[in-house]
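One line per chain: the protein sequences are A and B, in this order.
Numbering-wise, the first sequence is residues 1 to 415 according to the numbering used here.
Numbering-wise, the second sequence is residues 1 to 403 according to the numbering used here.
Mixed in with the good hints, there may be bad ones.
Below, a list of computed lysine to any residue pairs in the SDA-like style, where the Cα atoms sit at most 20 Å apart [to be verified]:
| id | chain 1 | residue 1 | chain 2 | residue 2 |
| --- | --- | --- | --- | --- |
| 1 | B | K353 | A | L49 |
| 2 | B | K227 | A | N224 |
| 3 | B | K235 | A | N224 |
Pair by pair, the computed Cβ-Cβ distance ranges are [claimed, not checked]:
| id | chain 1 | residue 1 | chain 2 | residue 2 | range |
| --- | --- | --- | --- | --- | --- |
| 4 | A | A291 | B | H57 | 49 to 55 Å |
| 5 | B | P365 | A | R3 | 51 to 57 Å |
| 6 | B | D308 | A | A288 | 52 to 58 Å |
To be clear about the criterion: a stretch of chain B counts as covered by chain A if any three or more of its residues have a C-beta under 8 Å from a C-beta of chain A, and this derived list gives those stretches [stated by the list, open to error]:
| id | region |
| --- | --- |
| 7 | 49 to 57 |
| 8 | 186 to 194 |
Hints are computed from structural coordinates only; laboratory data are not their basis.
All C-beta atoms in this analysis are idealised placements derived from N, C-alpha and C, irrespective of residue type, glycine included.
Here's the letter readout for the chains.
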Amino acid sequence: MARPPLDGIRIADFTWVWAGPYCTLQLAHLGADVIRMETKTRPCITRMLPPWPDAKPGGLNRSGYFNQYSQGKRSITLNFKDPAAHEVARRLIAKSDVVINNFAHGIIEKMGFGYEAVRKLKSDIIMISLTGYGDTGPYRDYVAYGPAQVPLSGLSALTGYRGSPPMHAGFSYADPNAGVHGAFAIIAALFHRAKTGQGQYIDMSQWECAMGLLAEGILEYTMNGTEPERIGNEDPQMAPHGIYRCLDRPDKVMGIVVDQFVAIAVADDAEFVRFANAIGQAALASDAKFATLKARKANEEELNRIVEEWTSARAAVEVARVLQEAQVAAAVVADNKFLSEEDPHLRERNYFVYKEHPEVGTLQHCGMPWKLSRTETSVRSAAPCIGQHTDEVLTQELGYSADEVAKLRAQGALE
Amino acid sequence: MAGALSSLKIVEIGEMASAPYASKLMADMGAEVIKVERPGVGDHARVRGPFPGGQPHPEKSGLFLYLNTNKLGVTLDIARPEGFEILEKLVAQADVLIHNVPPLEMDRVGLNFERLNKLNPRLVMTSITPYGLTGPWRNLRAEDLTVWSAGGVCVLNGAGPDHPELPPLKTFGSQSGYQGGVHGAVATMGAVMAQLRDGEGQHVDVSCQEAIASQLELTFEYWPYMKMIATRLGKKPIQPLEAMQCKDGGWIYLCCVEEHQWKGFVEVMGNPEWAGEEIFSDRLKRGENWEALVIFLEEYVKEQTVLDLYKKAQAKRVPFAPVSTMGDLLNSEHLKARGFFVEIAQPVAGTHKYPGAPLKYGATPWEIRLPAPTLGQHNGEIFVQRLGLTSARLDELKRTGVI
């Protein structure tokens with residue numbers, strides 16, 4: 001295999017929490033040397049959140065949250081209260097291609113690493129700030145927190161059970177969405193730099209990035225002046241289209257019964273004929289109440305009851321298998337146990353990553369969602385322990401001697 | 001100044017969101033994208049809407065118009081040998097082919113990297129499919145709902161522990177497609193950088209299921225690390241993290257994760273006595289005693305207006321946010337000042353506002369140069385002027401339904 005696509009590209013990574021680390025994870029996956037600047041005086045919150053191996057909290061290196069999104073990166077610790085730490089960061093930026101942060105607007109400038117400052121260190125640098133609201137506009141100083149960005153984006157107003165209040169997406173969706181868009185923007189800027197020699201600054205608003213995902217809702221409003229109603233798991237052009245209860249998991253997990261569901265989407269009348277046959281009720285397909293999409297939409301509640309009567313007596317994997325054999329779109333509503341142990345497909349594709357980590361051992365983490373045929377695509381290492389690469393980076397990349405590093409450490413600059 | 005990707009030439013064979021969104025991201029930054037659609041019907045997004053006045057029309061679908069800005073549109077039946085031959089001519093001149101032709105259809109028409117790579121050794125070919133091109137689920141039928149579910153995110157969303165009878169809830173729109181698309185755009189750009197370096201192309205296999213499984217926050221690792229299952233029924237350990245309704249009928253999302261955020265909110269509420277109770281004294285206790293806390297908070301919030309509470313909270317750096325309606329977004333003073341929404345005129349659909357640039361580049365523009373193409377709009381320009389087909393041949397291809 002040829003070298004990874006971004007081999008030789010270095011990222012000076014000021015990011016933390018999720019949006020920024022998800023951005024630099026994409027770049028690490030493509031082979032960039034991502035060097036996370038952290039501090040023990042205020043560690044990334046994800047280092048201090050569960051899950052912990054064997055449910056035993058403790059330390060800064062054992063969180064599954066951090067260890068998932070920092071795979072393949074290096075970590076150095078810098079205490080920015082000490083001017084000597086600023087000098088280390090300046091030397092790192094001077095030897096980097098990209099500077100990334102996801103602090104609130106204005107913080108990186110206050111730290112002395114705004115775009116005007118960093119371009120003096122490296123004239124063709126590419127810099128991106130992934131802020132909640134962007135660098136301009138009257139709300140630019142507003143603070144953004146993962147869970148609140150989903151409702152802010154408009155997705156919550158569009159998501160919910162029929163006739164019920166707005167709902168969440170179930171995770172801080174705007175964060176990884178901003179991260180992955182940021183990664184795309186950075187590589188596009190690297191391409192432009194390769195062609196022209198010109199670097200640039202990129203202003204990202206997580207809010208705006210998320211609104212790109214709900215064009216159908218926004219266009220309904222701009223074309224017709226109406227707010228789309230929330231329709232649960234239904235689809236205006238498909239029926240049945242829903243999430244249906246199946247048998248509970250056969251075994252309790254930690255003493256708790258775990259319910260299971262299947263997602264079914266029948267796209268057209270021909271697929272409905274196959275569906276009706278598969279569930280042993282071929283007559284449904286010729287019943288005037290269900291024969292056409294229009295009829296199925298008009299009698300959707302009754303149809304859903306019939307579907308759920310069939311699914312609820314069966315295991316979700318069995319329902320999905322039977323329907324897929326009949327070429328009907330169906331899938332187990334996967335939970336983390338299902339993905340981890342029961343999904344045969346992800347395993348067969350070698351999606352999961354198993355890398356030795358000094359404090360948690362070799363645990364399963366999610367990998368990259370793509371495979372490249374010619375260039376290397378593998379996660380090169382487990383997530384770093386905090387400051388694991390401080391000595392290595394300072395001496396091998398930034399020209400510090402071992403004595404100088406010891407002195408910096410003694411004065412507290414590398415906390 | 002030209003867009004950052006103005007030297008890239010892309011061919012897209014895409015339907016709905018995934019491949020079209022990937023190539024839209026590139027087209028809006030200057031890349032030339034030739035979009036190949038099925039003769040007669042075109043991209044399925046053309047029937048998805050929304051439509052002006054609710055009247056379906058293949059040139060007026062909001063989803064299609066949004067996802068296909070800045071593209072040149074041709075029609076081509078690639079399942080016919082004459083059609084595939086023309087596709088080969090297009091691909092021979094391209095840097096990148098992005099498609100989401102389902103795997104079984106790829107096999108049927110012979111759309112594979114080895115074949116196209118022989119014609120164009122530099123070609124980057126990106127296949128964005130629900131489950132990827134290898135593995136036992138390669139050929140499964142899929143819709144957005146089933147892929148969003150198979151990726152492991154749907155199980156996390158729902159009514160919560162008070163309503164276990166309600167099923168997991170899909171997020172609005174074509175989210176599995178968007179995530180396959182943007183992750184595919186990242187991988188494609190990676191392959192383009194390697195193309196620039198080595199002068200060689202490669203095949204990029206992107207799985208929408210994996211793109212979703214890659215972003216499950218901290219929930220996936222609960223199984224490998226702690227053997228715990230994460231679902232919609234989990235009680236939130238930290239509160240408040242909930243939407244509540246205000247007196248103007250709108251909703252606001254209350255969000256206090258850090259202690260200083262809660263303190264700021266208590267000040268906004270005028271330091272009510274109940275806030276000093278021991279049972280609300282830290283974030284975990286507020287989670288444990290949410291049933292009590294929610295009564296006090298609802299009492300307060302229902303007397304506020306969304307915008308007023310939002311601004312008062314933000315003034316104390318408390319990260320509340322409105323549950324934005326579409327109208328709120330279009331009327332937002334902040335988004336107006338940033339010029340987020342863009343007006344695009346398309347000859348058949350008319351002029352409407354659309355979501356604009358996801359990011360603002362300092363040196364290279366994001367711009368709408370062309371509205372989405374009408375079906376086959378650029379057949380003449382591409383097939384005759386670019387590929388050198390004669391007008392007589394074009395007519396014949398049209399007559400036989402190849403274009």
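Pair hint B/K353 and A/L49, alpha-carbon separation not exceeding 20 Å:
violated (42 Å)
Count the residues of the region 49 to 57 of chain B with a beta-carbon closer than 8 Å to any beta-carbon of chain A: does the count reach three?
The restraint on the region 49 to 57 of chain B holds, since 6 of its residues have a Cβ under 8 Å from chain A and three suffice.
Holds or violated: B/K235 to A/N224, with C-alpha atoms at most 20 Å apart:
violated (39 Å)
Quick one: are A/A291 and B/H57 within 49 to 55 Å, going by C-beta?
violated (26 Å)
Pairwise beta carbon distance, B/D308 to A/A288, judged against the given window 52 to 58 Å
holds (54 Å)
Regarding the pair B/K227 and A/N224, is the alpha-carbon distance no greater than 20 Å?
violated (49 Å)
Verdict on chain A covering the region 186 to 194 of chain B, criterion of 3 CB contacts below 8 Å:
This one holds; 8 residues, not fewer than the three required, reach chain A with a Cβ under 8 Å.
Indicate whether the distance between the beta carbons of B/P365 and A/R3 respects the range 51 to 57 Å.
violated (32 Å)
The structure fails to meet hints 1, 2, 3, 4, 5 from the earlier list, while all remaining hints are met.
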